[in-house]
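K.L.:
Sequence:
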Amino acid sequence: MMARSFLKTLFFIGFLFPFAAQAQEIDKYKSFNRFAGMVPRIDFYASKRQSIDPYVKPAAEAVQKLQSLLGDDLPKGAIFICSSLEQKDSIYEPIILKMGYAWTLTLETPEVRADEMLAQMKSMMGEEIPAEIMERIKKRPTDMMASAEGRMVAETVRQIAYAVIQTSFAKNLRYRSSRLNDMGKSPLPDWLDIGIGAYVTGYDPNLNYLQQNMQQSFPLEDVLTMSRPFVASTFLGTGTNGGSEGMSGSRSGRGGFNGGQGFPSGGFGAMGQGGFPPTGGFGAMGQGGLPPSGGFGAMGSGGGMPSGSGDSQGSQGRSGASQGGFQRTIPKDEQDQMLFDGQSSTFFAFLLEKVGVEKVRELIQSVQQGVEGRDFVARPDMLGDDYGKIEEEWIEWVGNIKPPAEPTGRKPAPKQM
Numbered sequence: 006m007m008a009r010s011f012l013k014t015l016f017f018i019g020f021l022f023p024f025a026a027q028a029q030e031i032d033k034y035k036s037f038n039r040f041a042g043m044v045p046r047i048d049f050y051a052s053k054r055q056s057i058d059p060y061v062k063p064a065a066e067a068v069q070k071l072q073s074l075l076g077d078d079l080p081k082g083a084i085f086i087c088s089s090l091e092q093k094d095s096i097y098e099p100i101i102l103k104m105g106y107a108w109t110l111t112l113e114t115p116e117v118r119a120d121e122m123l124a125q126m127k128s129m130m131g132e133e134i135p136a137e138i139m140e141r142i143k144k145r146p147t148d149m150m151a152s153a154e155g156r157m158v159a160e161t162v163r164q165i166a167y168a169v170i171q172t173s174f175a176k177n178l179r180y181r182s183s184r185l186n187d188m189g190k191s192p193l194p195d196w197l198d199i200g201i202g203a204y205v206t207g208y209d210p211n212l213n214y215l216q217q218n219m220q221q222s223f224p225l226e227d228v229l230t231m232s233r234p235f236v237a238s239t240f241l242g243t244g245t246n247g248g249s250e251g252m253s254g255s256r257s258g259r260g261g262f263n264g265g266q267g268f269p270s271g272g273f274g275a276m277g278q279g280g281f282p283p284t285g286g287f288g289a290m291g292q293g294g295l296p297p298s299g300g301f302g303a304m305g306s307g308g309g310m311p312s313g314s315g316d317s318q319g320s321q322g323r324s325g326a327s328q329g330g331f332q333r334t335i336p337k338d339e340q341d342q343m344l345f346d347g348q349s350s351t352f353f354a355f356l357l358e359k360v361g362v363e364k365v366r367e368l369i370q371s372v373q374q375g376v377e378g379r380d381f382v383a384r385p386d387m388l389g390d391d392y393g394k395i396e397e398e399w400i401e402w403v404g405n406i407k408p409p410a411e412p413t414g415r416k417p418a419p420k421q422m
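Residue numbers for the sequence shown follow the working numbering, beginning at 6 and rising by one.
Since the hints were derived computationally from the structure, they do not count as laboratory data. One should not assume that every hint holds.
Distance ranges between label pairs, derived from CB positions [what the hints assert, rightly or not]:
no.: 1; residue 1: A41; residue 2: M129; range: 16 to 26 Å
no.: 2; residue 1: Q373; residue 2: Q220; range: 25 to 35 Å
no.: 3; residue 1: M129; residue 2: G361; range: 47 to 57 Å
no.: 4; residue 1: E397; residue 2: G361; range: 13 to 23 Å
no.: 5; residue 1: L123; residue 2: K81; range: 44 to 54 Å
Subject to a maximum C-alpha distance of 20 Å in a straight line, what follows is the list of computed PhoX-like cross-link-like pairs (lysine-lysine) [unchecked claim]:
no.: 6; residue 1: K364; residue 2: K337
no.: 7; residue 1: K81; residue 2: K103
no.: 8; residue 1: K53; residue 2: K93
no.: 9; residue 1: K394; residue 2: K70
no.: 10; residue 1: K359; residue 2: K394
no.: 11; residue 1: K62; residue 2: K35
no.: 12; residue 1: K127; residue 2: K35
no.: 13; residue 1: K81; residue 2: K70
no.: 14; residue 1: K190; residue 2: K81
no.: 15; residue 1: K35; residue 2: K93
no.: 16; residue 1: K70; residue 2: K359
no.: 17; residue 1: K103; residue 2: K93
no.: 18; residue 1: K337; residue 2: K407
Everything numeric in this text was worked out from a predicted model, so none of it was measured. Glycine included, each C-beta is placed from N, C-alpha and C at the ideal position.
Taking the hints into account, I'd like the entire structure generated from these sequences.
P.N.:
Shown next, in the form of structure tokens:
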């Protein structure tokens, strides 16, 4: 009898222990408040409501666009917005996914990003940061902070799109921030992934660069079958990978590349994740290690030339900060990737305008089932099989697009003296 009771006790301990351990792990997130129901299929976690305000409207619009393309029953996700480094360190995404979410993203507030930037500078320069640098950090222009927040929001919306794409078609996949650079998880061709991301975000960071360098772009028919060009060298200090196949040459006769795997990290060429300086190092430091006079990340859209730059500079892959900032030559692999991303996003928008959402939704479903996207687009009820004519019409269409302004966030309220 005692043996039976002992076995029962062991059974209940073994049964309850995983739940107790999970509850203990979930206790880590008591410093976050859950904000549910503000955006369909997404729960936000943050210390205060103010932290999620910039994301609510863009995320809701993104979900609505994704539902128009993928259906109403999107995988549910969680977005954690950390307002301190302690909160960020407490995040363990596998536990979050056990809370019933198909995907999760971890973000930081601008203040946390600034703290990380300061910590990195201390590691580079020692604990004693020169007073001049500290003064510049403290007096960051409000426009710069609003621009950084806007890029962070746009990048987050793009990541939502990729997370939903992956988990919609791969029901057993659990998407995490650590898998942001894994385009191979998506069953869609690379151009569709990028096109959907740009459409959902409502912002194309590579449009200006594409317009300046259209003669260097890839044949459009090739874009529909090739993988995203692999980037080995990058201003961010970390590679941004493409698909798993080789690629064709461009219309200027350039050779191919070996492929890799990876979702675009947002396409904001000279910025780190969320529009902030890259965590791998400040490649854009000014003289003596000081921030450049134009501010960190004073690049044009997609890391290309700022608006208004001449074609001659753009065709050479030049990039510079506005108002006296630095200049750099964009490596050829980055140029190829920016062109491919610009072509993918603009062709997706062109296709939406010409055939409508229902046909594009049918395209996505068919491609997911193994139909070649190029063949589907060539159907008589789509664009037809004359790719020469399609390309001419697309080039003219792209030339008439006005490059959009970079997304901006809220301007911080003036400090009380």
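K.L.:
Hints first: check each against the structure and report whether it holds.
P.N.:
Against the structure, the hints come out as follows:
For the pair A41 and M129, the supplied restraint of 16 to 26 Å is violated, since their beta-carbon distance comes to about 41 Å. Distance hint check for Q373 and Q220: the Cβ-Cβ separation is about 34 Å, which falls inside the suggested range of 25 to 35 Å. Against the hinted window of 47 to 57 Å, the Cβ-Cβ separation of M129 and G361 comes to about 52 Å, which satisfies the hint. The beta-carbon spacing between E397 and G361, approximately 21 Å, falls within the hinted interval of 13 to 23 Å.
Between L123 and K81 the Cβ separation comes to about 36 Å, which falls outside the hinted range of 44 to 54 Å. For the hint linking K364 to K337, the alpha-carbon distance of about 35 Å lies beyond 20 Å, and the restraint is violated. Taken as a hint, the K81 and K103 pair is honoured in the structure, with Cα atoms around 12 Å apart against an allowance of 20 Å. Of the supplied pair hints, the one linking K53 and K93 holds, its CA atoms being roughly 15 Å apart against a limit of 20 Å.
At most 20 Å may separate the alpha-carbon atoms for a hinted pair to count; K394 and K70 exceed this at roughly 29 Å. A distance of roughly 14 Å separates the Cα atoms of K359 and K394; the hinted pair therefore holds under the 20 Å criterion. For the given pair, K62 sits about 26 Å from K35 by alpha-carbon distance, which is inconsistent with the 20 Å threshold. Of the supplied pair hints, the one linking K127 and K35 is violated, its CA atoms being roughly 31 Å apart against a limit of 20 Å.
Simply put, K81 and K70 have alpha-carbon atoms about 15 Å apart, close enough for the 20 Å limit, and the pair holds. With a CA separation close to 18 Å, the supplied pair K190 and K81 stays within the 20 Å bound. The hinted pair formed by K35 and K93 meets the criterion: a straight-line CA distance of about 13 Å does not exceed 20 Å. Annotation: proposed proximity of K70 to K359 holds, straight-line Cα distance about 17 Å (limit 20 Å).
Proposed proximity of K103 and K93 is supported: the alpha carbons are some 18 Å apart, at most 20 Å. Among the hinted pairs, K337 with K407 is inconsistent with the structure: their alpha-carbon atoms are about 26 Å apart, more than 20 Å.
When each numbered hint is compared with the structure, violations occur for hints 1, 5, 6, 9, 11, 12, 18.
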